[in-house]
Each structure stands twice: as C-alpha cells, then as structure tokens.
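The chain contents come next:
There are 2 protein chains.
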Amino acid sequence: MFTSVERKFVERLRVGRLATADAGGAPHVVPVCFASEGNNIYITIDEKPKGASPKGLKRLRNIRENPQVAIVIDEYEEDWSRLAWVLFRGYAEILENGDEHAWAQDLLRGRYPQMRGMTLESLPVIAVRLSKVTSWGDLNA
Amino acid sequence: MFTSVERKFVERLRVGRLATADAGGAPHVVPVCFASEGNNIYITIDEKPKGASPKGLKRLRNIRENPQVAIVIDEYEEDWSRLAWVLFRGYAEILENGDEHAWAQDLLRGRYPQMRGMTLESLPVIAVRLSKVTSWGDLNA
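From first to last, the protein sequence lines stand for chains A and V.
First residue of the first sequence? That's 24 in our numbering, and the numbers climb one at a time after it.
First residue of the second sequence? That's 24 in our numbering, and the numbers climb one at a time after it.
Treat the hints as calculated values from the structure; they're not laboratory data.
Hints are supplied without guarantee of correctness; some may be wrong.
Pairs count within a copy or across copies, as identical chains cannot be separated in the list.
[Claimed, not checked] Here are the simulated DSBU-like pairs of lysine-lysine, each with C-alpha atoms no more than 30 Å apart in a straight line: (1) K155 <-> K81; (2) K155 <-> K78; (3) K31 <-> K71.
The shape of chain A in the complex, shown without the other chains:
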C-alpha cells in the first residue's frame, strides 16, 4: 500500500496531524507522535498534560462516534519546490490493553526517547488500519 519512498519519508518525520470527525461530520485535528508498521499507524495517549482526563480527549470521543480518520505527514519549508506530504486514510481502533497495545507502545518508545520515562500502560493506543495512502510533491527533497 505504501511505496518505499513514502515509507522512508514518513519514518524520517517526527510528527503528524490526526484528523477525526464527530458523528455530525465536524472535523478536529491535532499534532500527534506516531509510529508505522505494516499497514498500521500507531498513536498513544501519553502523559503530556492535557488539562483533562486522557480518556475523555476529543480525538477519542470522535473515534468512538466515527472511526474514519486521516493523518498527514509533512514538514514546512520556505522553498516551496521542496514541499511534500503523505496522507493516510483509514479506520481507527482504540486499544485499551493486550499484546498489540503493549507492542505499539514499545514501538513508540523506541522512536521517542521522551516517552521512556512515562507510564503509558493504562493509556489507550489509537491503531489506524490504513485503507488509502496518497502523496504529493518531492518526497526525496
């Protein structure tokens, strides 16, 4: 589903933006740390203070109402000839525990040293099952 050029671009970048929508189709979008493996993208709720119950986050409430999501991976450059992005679309599943939950958090800790001191085990993982990958621009720039 992914080309190797898309995969390399995505693995190099450190942040994506996750778009969800509620049952009435109102979109929401936030920056997220992520890891990709096969045809899945993993995002964990972490200990960054959100001023709210982690499980009550709008992104999770939207996914429970409507599992369709999109994630864009890109980096801004003032030289517009270098702009590029990869867009993922798919269906999100909320993992509360289990093997895939533990494995995804390990994958994320491997990519983000910032997560290594955090207690993540009781926090949900968003697993996005990809249905479509598109890209634009020069991914090698």
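With chain A held as given, fit chain V onto it using these hints.
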C-alpha cells in the same frame, strides 16, 4: 474570540493543517499556508502543481458537501515541554471572486513572498468563519 497570545503564536507560524470531512464524515487533512484577520482564516488555492484541476481539489469538494472545518497551528519540538497548538473550528466559505477574495489574496501575498509571482486571481479562496478557538501548551515557549 482569540487571545493576544494565541494571535501572536498563530501569526508567527507559517503553516497550518486544514481538516475537512465529506458528507459521510470521512476526514481529509492537508498542510496549508494561511493568513488570519479578525475572526477569519484565509487560505488560497495557489499554483503549486497538484496534478489535478485546482478547483477539483478534495478540500474544496469536501467543503461544498460539508462546510465544517478545523485548522491546527503548531510546530514540532523535540523538547516536549515547549509543545503548543492553537485549534480553530468554524465554517468554510469558498470565495471565487469579489472584494474579500482579492483582499484575502493580497493579505496572503504580503505574508508569503512565494505567492507574489503567481497568478492567483482566478483561483478560489477558502474563508473560514471561526466559531471556536482553543489552545494547549505554552504558547510563549
């Protein structure tokens, strides 16, 4: 609707990510250059090659089906204590011509020298009428 700290943060950053959703609630999200004025955010379709008719872009098709949109403005940092974002939610209107269309493109050309050599006049402007502004993290970091 905006605090002065939110406005300053938003004006400093050069890129946002625009989330739209189709009539069935499937989200889409792309990086966008933007300008803010009052309670509006302006985005113009420009001459970056999209490999498709500019007026057929998915973001425009979604807005015609469902005008609800969200835009997040943020910049990634490896020091997570410095992370912050501003999230706009509102209703998008597509301007094809007229005073506000011309004025918005002038505002964008003022902010982005990259647009000054482009012929934008026949390309649509997305005007987002803000209904809600929220933010998270240390906007002064």
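Now the hints, each set against the structure:
no., hint, verdict
1, K155 <-> K81, "both (24 Å within a copy, 14 Å between copies)"
2, K155 <-> K78, "both (27 Å within a copy, 22 Å between copies)"
3, K31 <-> K71, "both (27 Å within a copy, 23 Å between copies)"
In summary, the structure agrees with every hint in the numbered list given earlier.
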